[in-house]
Amino acid sequence: MKRAFLIEMTVLKSYVRQLVGLGFFVSIFVSIGMQRIVSVPGVLTMMMFMMGSMSAAAYDEQSGWGLFRLTMPVSRRDVVLARYGVILSLGVVGALVGLVAVAVLTVAATAVELPAGLSAALAFSPENMQATLFASMFCMAMGSTISSIVTPIYFRLGQTKATQYIPMIVLLIFIVPFLVLGGTGVLDAGSVHLEGIMRVLAEVLAFIETPAGVAAFSGAALVFVLAVLGISATVSLKLYESREL
Amino acid sequence: MSFASSESADVLIKASGLTKHYDGFSLQGVTFAVAEGEVVGFVGKNGAGKSTTIKALLGLIKLDGGAGAVLGHDSATLSHPEGARIKEQVGVVFDTISMPGHLKVSEVARVYECAFATWDQRAFQSYLGRFELPADKAVKDLSRGMGMKLSLACALSHGAQLLILDEATAGLDPMARDEVLDLLREFVAEPGRAVLMSSHITSDLDKIADRVVCIDAGRIVFDRYKDEICDQMGVARCRVADFEAIAASSIIPERELVYLRHDYGIDVLVPDRFAFAENFPQVPCDRMTIDDYLALTLKGGVR
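Residue numbers (the numbering used here), protein chains in the order written: chain A, 1 to 245; chain B, 1 to 303.
Here chain B stands alone, though its shape is the one from the complex (with noise of 0.2 Å):
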């Protein structure tokens, strides 16, 4: 297991073991940060514990153990009343537009009128241009894309400093993705701000996460830096000879050595892509995707 360092900036999430009990499943010592100025994209598989520990930072379950902190506040807090300061700086997005359906678009904005005092009713008009989102439309009445854009849109008008987005670019379209990822990259460049994405959707985190973080069966698996990951690390498709040459070798030390077996090959998880390249000219080994990664993680072995 690896983990990224984020002592060095402010830390706006911070996950100091969390825990929880469920029948049949269990958050177990879910322990990263995320820092200003980052976007950290949070993977895993389906009930691998992703929403669960989104709803333990926001307050939104009480721990069996850990704790969480948001903005530096205790996340137990944030579900008392002193706790409404703090998430006045938090944009929330869940997988769904999150509102009763007959609700019509002008009315969401005026339920979040209510709620923060922040609220910018101008910049969700400007975001309701962007997006080209009817006003006058029910909530029911929309697409999926246009329920996400629409959160999204809430969650970016109130002043947020910190947003945490729970499969938010589920359902868009990949041109709709792409200008949500760049909304996204507006509002981290600002100052003090930072993003904390689950994803299903790799190729996002590619585009935008600084660093990835994995959790499976509830617990972290992985927390590297994405660059870490897609710049230096590389997928060798061996064929068997070149696999045992590999772990001959000890250019990976064995103990390291992550491979995967196809129908047609071997992939194996190279730490240095380049250094790989100078010893092993004639094994093809490709730029490492996050997709790749956490394929070779969660469903590699080790030799």
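Same shape as in the complex, but just chain A (with noise of 0.2 Å):
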């Protein structure tokens, strides 16, 4: 599996580095609009699951080098769980890209006296802080999410293929379990207790906002990238195993 992971990181090096560039470029429009720099991280992180899964996907059909690989000493098992490999760490690697170029803005502009504000909005702060962790965690568990929905799809289908179905599966995925649970009638007054929910909603939201909720907030969304990309690389492997390339 390492051997495969190599290669698929040397294939996708350059491009990892134009989309740290790209996210830093959203992320500059996104800050200026949100006024903070919270979200950075987050930008980085999903950008780097979800492009990273997509462009992946997008070589293995360029120039057959797909089939090609399986030529060289890897097995298609060893290509599965590489590509997982290789989505996680640009993922991680986005989030901490991100981290770190916060927390240089923070120390420039505590040192430093920055025009139009600048120093002001970027000035360090618990509270910012704890957004940005939240958010580069909350971007993490996304983006995992989209990443094990597409990969095992990409597996199956090639790239080309897929883009076909992804549009409608991924609105599958989303909208069905509402139309379903509007069309039971499970969300009509009295069948749920929706205000004993909301108030439950409200008081985890509450407590997400607690030091020590960003932290257990933190935890969770580890655990939950870690086992819904577990699940989708399992997927991914029978998927693999039985196509026809």
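Quick caveat, the hints were computed from the structure, so don't treat them as lab data. What you are looking at is a predicted structure, and each value in this text was computed from that prediction instead of being measured.
Quick list of simulated restraints, FRET-style, between CB atoms:
#1 A:Ile231 to B:Lys104: 31 to 41 Å
#2 A:Leu245 to B:Ala241: 52 to 62 Å
#3 A:Gln164 to B:Glu190: 46 to 56 Å
#4 A:Gly21 to B:Glu190: 41 to 51 Å
#5 A:Ala103 to B:Ala117: 35 to 45 Å
#6 B:Thr19 to A:Thr163: 27 to 37 Å
Backbone N, C-alpha and C define an ideal beta-carbon position, used for all residues, glycine too.
Using the hints, build the complex out of the two chains.
Structure below.
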């Protein structure tokens, strides 16, 4: 698996450099819009997860690379596990690069007086740190979920064919549960204690705003990321083993 | 259908009744072998089943029947983790450079270095020099010929024992093709090595192949030593009267009298051109080329 991981990283290296640059570019505009920089690591994390899985699948189809790679001393299993290793690594790299960038900006804003009130906006505060960490972990969970959905489809159908089906599949995954809940009347008054749920949700959200809450959420998010990628990898292994290339 | 035997030496590739069904095409009981020290040319029309056979041998597709073996290991195991050790010793070149286009030549080497424990960077650098390949050029910017040279340089730089080449000389100019053929000769001269080479350019096989295996519509049509075709056989360029005389003479058994009609005459496949010349000195009989043999076998009629 190590060989397949290193091969994948070599293939993606130059693209990752471009992606980090693009991520910072997007982050600048998001930060200007929000008047805060807490979203920078989240934006980078999300982009790395999503674009990493999509571009790796796209490269597989370039000049028959996906097929040719299997003539090298790697197995289909290696290819799948390496792909998930790369996706996770890119997501973590995105988060770390974002966090380092936020830290550097915060230190710079504290050390030097920046114009246009930037020093105040970028100044260190425990709330900003909590929000940054929460946004990063939330985006990591979201990014890994999306990667976990699309990657098995890419492994089964290939990137070109999968692109036709992914919008429909994603729509079904996110819309159908709500249609089922609405259609079955589960959400009708009396059937579910919506007030109770909303109260618990509010308590959870209030807890997440505390340092202990952010720590607990981060831990839960990491477990979730590993679990969802693990399940997705298991599915991909089965799908890729049986795929005719 | 004729088959040459490879049983005397160590067999590096063995295809035993390879069968694979697709919509509109089937590989049907493909059987042949490649022995140590051999260069085997694998010929056939487009869509005849050459690439499918190569994929089957490399374990890239699941077979419906039969079995392939590479370096003594079942092809089906090549796609599994235990097959990695075997694939270290197999150099593969497909008909295009099968690498993402954005990679530079030096990065392609890095990919191979990650993949093959036996990667020899010095050998690769030497091939780059020999082929005049710039290390900083992206794969997408290489011409088809340059791309094939890069693929060959990679396949020859990891200590492979066996080369499997699918149309590897396609797109190369004649001088580059000769250079590649020289490299393949050098490669196969080392003990324990062999080459399976599919090609449409039969003149390359005339120069280098020890044996020629022909596939058509998913079936092996012939498997013969090249010398048997090129040194012993001939093409008799007949008029109709000559053709009838040859048929009547029984120098070629009637069931084996393969011929191809042209506007200007009839070509007849002669199994022994020297014996033929003695019997029919008035009929011109040329040395058989692989191209002639292919045309007569695939398009010719049997009386």
